[in-house]
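**Student:** Given next are the chains, with one letter for each unit.
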Amino acid sequence: MSLPFLIFAICAILAVAGAILLIAAKEPIHSALALILVMISLAVLYLLLGAPFIAAVQIIVYAGAIMVLFVFVIMLLNMGVEERTNFSKLAKYAGVPLGVLLLFAIAHFLAHSSAGTAIANGAAGTASSSTRDLSTQLFQQYLFPFEATSILILVAVLGALVLARKE
Amino acid sequence: MNLSVVPVSYYLVLSAVLFGLGVIAFVFKRNIITIFMSIELMLNAVNLAFVAFARAHNHLDGLVFVFFVIVVAAAEAAVGLAIVIMLAQNRQSLNVERVNLLKF
Chain A
0 MSLPFLIFAI
10 CAILAVAGAI
20 LLIAAKEPIH
30 SALALILVMI
40 SLAVLYLLLG
50 APFIAAVQII
60 VYAGAIMVLF
70 VFVIMLLNMG
80 VEERTNFSKL
90 AKYAGVPLGV
100 LLLFAIAHFL
110 AHSSAGTAIA
120 NGAAGTASSS
130 TRDLSTQLFQ
140 QYLFPFEATS
150 ILILVAVLGA
160 LVLARKE
Chain B
0 MNLSVVPVSY
10 YLVLSAVLFG
20 LGVIAFVFKR
30 NIITIFMSIE
40 LMLNAVNLAF
50 VAFARAHNHL
60 DGLVFVFFVI
70 VVAAAEAAVG
80 LAIVIMLAQN
90 RQSLNVERVN
100 LLKF
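So the sequences go chain by chain: A and B. Note that the first sequence covers residues 0 to 166 in numbering that gives the first Met the number 0. Note that the second sequence covers residues 0 to 103 in numbering that gives the first Met the number 0.
Everything labelled a hint here was simulated from the structure, so no lab data went into it. There is no bait here: all hints are sound.
Selected chain B positions facing chain A (Cβ under 7 Å, derived; list incomplete):
1) 8
2) 19
3) 23
4) 30
5) 36
6) 65
7) 69
8) 70
9) 78
10) 85
11) 93
By construction, the Cβ of each residue, glycine as well, lies at the ideal position given by its N, Cα and C atoms.
Sequences and hints are given; from them, build the entire structure.
**Tutor:** Here it is as structure tokens:
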């Protein structure tokens, strides 16, 4: 078993375990920590896929900024253990099998579709996508969307201020 | 290090599994913050698929898309958590079943 495959296996298991922990955890803070585990293992997978810039952004923005925001809000509100309401019988006996079925249907489709098999072993380029190429693409072909996101962030900041303001 | 050892379809299957777990968490969780986190989990799963496809086709557009998804997710988290704080102040609870004014 080669080293990249070993790294992939470890990170994939960690990511799935984190996602299951997110569902199983009773307190929101445990769910948040599980989600951080998922994000960090995904960052390692991005490195493995030859996208170091995306991996860095994943760590800094997702695992850093967004999850700190989540943990901050959880601590601020301090609502404690999540109260369990009794599920409807329909959700319990039809929802779980259907959810699992959806999961396996998507996985099966991806693993056996023509797109999946065409690229399965292969055409993966040897050239690692450098940050220089990515930024050239971002600031030439995608310049307008890039500028538009700055307006989006401005609107989001204003919206958060207006919503959180004391009346 | 030879990077093309792991087939791209493995990444796609992992992405699908994470997305399915995100959907399950979204449906089953009752705490609004946890529901928010399951949305982030689904976004992450889609990002993984984007990067895997960018790798498979040796094309950078997928990475640019991931960049934009992360930016939009950051903006969405800021506004969404402001709404959560407002909700918690008004209702004294984070349970989505108590927020039913618009429910049919």
